[in-house]
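I would like the entire structure built from these sequences, with the hints used as guidance.
Just so you know, the UniProt record's numbering puts 215 at position 215 of the sequence shown, and the rest follows in order with no gaps.
Hints may contain errors.
Claimed, not checked - With beta-carbon atoms standing in for the labels, derived distance ranges: (1) R143 to R94: 44 to 54 Å; (2) W20 to G64: 10 to 20 Å; (3) L166 to R111: 35 to 45 Å; (4) M83 to S168: 37 to 47 Å; (5) P90 to S171: 22 to 32 Å; (6) R111 to R25: 45 to 55 Å; (7) T18 to S141: 36 to 46 Å; (8) S141 to Q15: 20 to 30 Å; (9) L146 to G29: 18 to 28 Å.
None of these hints come from the bench; they were simulated from the model. We put the beta carbon where it would ideally sit given N, CA and C, even for glycine.
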Amino acid sequence: MGVRGVDGVIEVIMQSATQWVEALRSMGGTGSALYALVCLLATVAFVPASPLTAIAGFLYGPVGGTLLVSPVGMASAMIAFVMGRTFLRPFVLRRLTTRPRQAAIDRALARDGFRIVLLLRLASIVPFAPLSYALGASRISARDFLLASWLGLLPGTFLYVYLGSLVSSVSDILSGEATAGNATHVLTGMGLAAAVLALLSIAHCARKAANQSIEKALKHE
1 MGVRGVDGVI EVIMQSATQW VEALRSMGGT GSALYALVCL LATVAFVPAS
51 PLTAIAGFLY GPVGGTLLVS PVGMASAMIA FVMGRTFLRP FVLRRLTTRP
101 RQAAIDRALA RDGFRIVLLL RLASIVPFAP LSYALGASRI SARDFLLASW
151 LGLLPGTFLY VYLGSLVSSV SDILSGEATA GNATHVLTGM GLAAAVLALL
201 SIAHCARKAA NQSIEKALKH E
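Below you can see the structure in the form of structure tokens.
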């Protein structure tokens with residue numbers, strides 16, 4: 001398939017998505033429920049969350065969009081978390097027996113998971129769904145995961161919803177042209193700062209957990 005063919009496929013997809021979003025707008029409450037369902041399934045299946053979040057702002061405004069997207073995002077995160085704990089945790093446990101550093105990180109998440117997840121979500125250095133699956137495979141509690149994810153994602157969620165509420169066409173969102181000038185720079189700066197803090201926090205907690213394990217092993221000798 002040549003460049004023209006690819007461009008044609010992309011154009012058809014964008015037109016179909018635009019028509020679908022416009023149809024949702026005319027469906028009232030049914031449209032909101034359908035959007036929530038599609039958003040839930042899409043994010044669990046690794047579809048990028050930011051365009052879907054912006055579409056909520058386009059459809060329902062800053063407040064309505066945030067109130068709709070936030071619980072849907074948490075439901076999606078929890079589904080991925082449970083799947084990670086159910087299907088990935090056994091595999092992770094087998095690896096931890098031969099990888100002391102990963103085992104230390106796992107213990108760090110069990111002890112200080114709320115702070116680590118909060119910083120990771122604020123930083124957005126790991127995509128939404130993969131991080132949820134990975135954390136499900138760790139020892140972090142479901143309560144800490146859910147609360148930290150909600151608080152960490154809320155600023156970015158509101159910003160993307162707000163961006164979506166400013167555009168006049170869905171195509172602006174799908175093409176990535178929806179920007180908010182200084183607002184995006186502020187969020188990027190916050191994300192970079194949170195990323196550094198998250199990495200430092202993980203390293204500190206993992207080092208502390210490793211030292212405790214060594215001390216415990218020496219006591220039993």
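Checked hints:
For the pair R143 and R94, the beta carbons lie near 26 Å from each other, so the given range of 44 to 54 Å is not met. Separated by about 19 Å at the C-beta atoms, W20 and G64 satisfy the suggested range of 10 to 20 Å. L166 and R111 have their C-beta atoms about 42 Å apart, which keeps the hinted 35 to 45 Å range intact. For M83 and S168, the Cβ-Cβ distance of about 38 Å falls inside the hinted range of 37 to 47 Å, so the restraint holds.
Here the CB-CB span from P90 to S171 is close to 45 Å, at odds with the stated 22 to 32 Å. Range check, R111 to R25: Cβ separation about 47 Å, and the 45 to 55 Å hint holds. Between T18 and S141 the Cβ separation comes to about 42 Å, which falls inside the hinted range of 36 to 46 Å. At about 45 Å, the beta-carbon gap between S141 and Q15 misses the expected band of 20 to 30 Å.
Here the CB-CB span from L146 to G29 is close to 26 Å, well matched to the stated 18 to 28 Å.
This entry does not satisfy hints 1, 5, 8, going by the numbered hints stated previously.
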